[in-house]
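Protein chains: 2
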Amino acid sequence: MQLLKDRIRKDGKVKDGNILKVDSFLNHQIDVQLLEEIGKEFKRLFEADHVTKILTIEASGIGIAVETARAFGVPVVFAKKAKTKNIAGDVYTSKVMSYTHGREYDVIVSKDFLGPEDRVLIVDDFLANGAALEGLIKLVKDSGAVLCGCGIAIEKGFQPGGDELRKKGVHLESLAIVESMNPATGEILFRE
Amino acid sequence: MQLLKDRIRKDGKVKDGNILKVDSFLNHQIDVQLLEEIGKEFKRLFEADHVTKILTIEASGIGIAVETARAFGVPVVFAKKAKTKNIAGDVYTSKVMSYTHGREYDVIVSKDFLGPEDRVLIVDDFLANGAALEGLIKLVKDSGAVLCGCGIAIEKGFQPGGDELRKKGVHLESLAIVESMNPATGEILFRE
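Protein chains in written order, with my numbering: chain A, 1 to 192; chain B, 1 to 192.
Hints were generated in silico from the structure; no laboratory data involved. For each residue, glycine too, the CB sits at the ideal point set by N, CA and C. One should not assume that every hint holds.
Said to hold, decoys possible - Here are the simulated DSSO-like cross-link-like pairs (lysine-lysine), alpha carbons at most 30 Å apart as the crow flies:
id	chain 1	residue 1	chain 2	residue 2
1	B	Lys-15	B	Lys-95
2	B	Lys-21	A	Lys-15
3	B	Lys-168	B	Lys-21
4	B	Lys-95	A	Lys-13
5	B	Lys-21	A	Lys-81
6	A	Lys-81	A	Lys-111
7	A	Lys-111	A	Lys-40
8	A	Lys-111	B	Lys-15
Unchecked claim - Computed spacing ranges between beta-carbons, pair by pair:
id	chain 1	residue 1	chain 2	residue 2	range
9	B	Lys-13	A	Lys-15	20 to 28 Å
10	B	Arg-191	A	Glu-37	33 to 41 Å
11	A	Ser-180	B	Arg-166	49 to 57 Å
12	B	Ser-98	A	Thr-100	15 to 23 Å
Stated by the list, open to error - Here's a subset of chain B near chain A, in silico, CB distances under 10 Å, partners left out:
id	residue
13	Phe-25
14	Lys-43
15	Leu-45
16	Ile-54
17	Gly-63
18	Ala-69
19	Val-74
20	Val-76
21	Lys-80
22	Lys-81
23	Phe-113
All chains, please: the whole structure from these sequences, using the hints.
Here is the structure:
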């Protein structure tokens with residue numbers, strides 16, 4: 001998606017440790033018009049899939065999920081990061097390793113909001129090692145819903161998550177795949 | 001806002017301990033069309049204030065903030081709950097007591113995204129004791145921005161947060177103010 005790549009080149013900041021900061025427009029401050037275009041693009045890419053629900057994980061996926069859901073005319077469900085070991089009520093759960101925070105956490109979705117009648121598109125802002133996405137895919141499978149695919153705004157193509165999911169046959173669409181970044185020059189190369 | 005009150009009466013669930021569950025349409029599963037109407041209503045209520053930025057706090061405020069920002073044509077900034085005691089970089093910070101989780105946490109916003117040139121509307125899904133809102137108001141004041149007001153979807157009118165903020169002169173608009181709830185009958189009374 002050219003609009004997103006241009007924006008990443010203009011306002012993204014490359015930091016040491018393979019960090020790409022896009023917090024001026026995507027995940028701290030949010031450019032809502034850009035989200036709207038991202039939502040429309042996911043609609044175009046998954047048009048044929050008869051999606052009934054958009055699934056994401058709190059917090060930074062929620063904005064993208066809301067605009068994608070608006071484009072499809074369906075509800076959002078966002079998975080929650082469980083704060084206690086006591087998971088209350090009837091929920092699907094999976095464990096996700098957070099490399100950013102160096103710990104594993106539980107991700108939950110109420111059984112009321114995901115079931116065999118659903119056709120689910122998972123969306124998120126970033127894909128790197130794929131841990132969060134694998135956790136969400138497990139929730140969808142546990143619920144008996146159909147996984148239509150995954151829509152990602154920015155994939156770090158030099159990390160393994162995206163290509164591993166593609167090998168497994170998941171229909172994964174990333175709107176911008178970063179092939180390499182140079183923290184010294186700020187240069188960002190996208191996969192064509 | 002009649003649409004929201006009707007929806008709360010239809011799909012809200014009253015639980016013991018003054019809990020109102022609206023997770024089928026507002027803060028776990030999200031009805032995006034309802035959010036869109038909420039956003040338009042906040043636009044109508046704060047039309048004259050020349051709002052330049054919508055501020056909320058992760059995670060459940062983000063959906064409402066995105067749709068409100070779309071109605072105004074301005075960006076969202078969402079405050080983050082800091083996960084470590086080490087707060088990195090140049091941020092505004094305030095402490096918020098979470099009664100739900102029984103602990104205090106730090107809430108942060110980057111100084112890059114809030115400043116004296118901004119006119120800020122704070123939005124959130126719930127207002128009860130007002131701790132989160134007070135924390136966000138402090139961030140706005142610390143940044144030198146103008147606080148235009150606060151837009152809340154559901155206020156628990158039997159808890160003190162809303163009325164305390166009104167006494168302080170904050171322009172607070174709650175779209176549905178619950179005056180009382182009965183967990184035995186499920187009955188919900190709204191303030192007129």
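Evaluation of the provided hints:
For the hint pairing Lys-15(B) with Lys-95(B), the CA-to-CA distance comes to about 28 Å; that is within 30 Å, so the pair holds. Only pairs whose Cα atoms come within 30 Å are accepted, and Lys-21(B) paired with Lys-15(A) is rejected, the gap being roughly 42 Å. Of the pairs offered as hints, the one joining Lys-168(B) and Lys-21(B) holds, with about 29 Å between alpha carbons and a cut-off of 30 Å not exceeded. Between the alpha carbons of Lys-95(B) and Lys-13(A) the distance comes to roughly 29 Å, so the proposed pair stays at or under 30 Å and holds.
With a C-alpha separation of about 18 Å, the suggested pair Lys-21(B) and Lys-81(A) falls inside the 30 Å cut-off, and the hint holds. With a CA separation close to 15 Å, the supplied pair Lys-81(A) and Lys-111(A) stays within the 30 Å bound. Between Lys-111(A) and Lys-40(A), the direct Cα distance comes to roughly 28 Å. Compliance with the 30 Å bound is thereby established for this hinted pair. Between Lys-111(A) and Lys-15(B) the alpha-carbon distance is near 18 Å, which keeps this suggested pair within the 30 Å criterion.
Judged by the Cβ atoms, the range 20 to 28 Å given for Lys-13(B) and Lys-15(A) is violated: they are separated by roughly 45 Å. Taking 33 to 41 Å as the suggested C-beta distance range, the pair Arg-191(B) and Glu-37(A) conforms, at roughly 40 Å. The hinted range of 49 to 57 Å is satisfied by Ser-180(A) and Arg-166(B), whose Cβ atoms lie roughly 54 Å apart. Judged by the Cβ atoms, the range 15 to 23 Å given for Ser-98(B) and Thr-100(A) holds: they are separated by roughly 22 Å.
Interface restraint check for Phe-25(B): the shortest CB-CB distance to chain A comes to about 8 Å, inside 10 Å, so the restraint holds. At a threshold of 10 Å, the smallest CB-CB gap from Lys-43(B) to chain A is about 13 Å, leaving the interface hint violated. Hint status for Leu-45(B) relative to chain A: violated, with the closest Cβ pair at about 19 Å, above 10 Å. Because the beta carbon of Ile-54(B) sits about 9 Å from the nearest beta carbon in chain A, less than 10 Å, this interface hint is met.
Taken as an interface hint, Gly-63(B) checks out: its beta carbon lies about 5 Å from the nearest beta carbon of chain A, inside 10 Å. The closest approach between the C-beta of Ala-69(B) and any C-beta of chain A is roughly 5 Å, which is under the 10 Å cut-off, so the hint is satisfied. Because the beta carbon of Val-74(B) sits about 8 Å from the nearest beta carbon in chain A, less than 10 Å, this interface hint is met. Interface restraint check: Val-76(B) against chain A, minimum CB-CB distance 4 Å, threshold 10 Å, status holds.
For Lys-80(B), the shortest C-beta to C-beta distance to chain A is roughly 7 Å, which falls under 10 Å, so the interface hint holds. Restraint check, Lys-81(B) versus chain A: the minimum CB separation of about 9 Å is within 10 Å; hint holds. With a least beta-carbon distance of about 4 Å to chain A, the hint placing Phe-113(B) at the interface is held under the 10 Å criterion.
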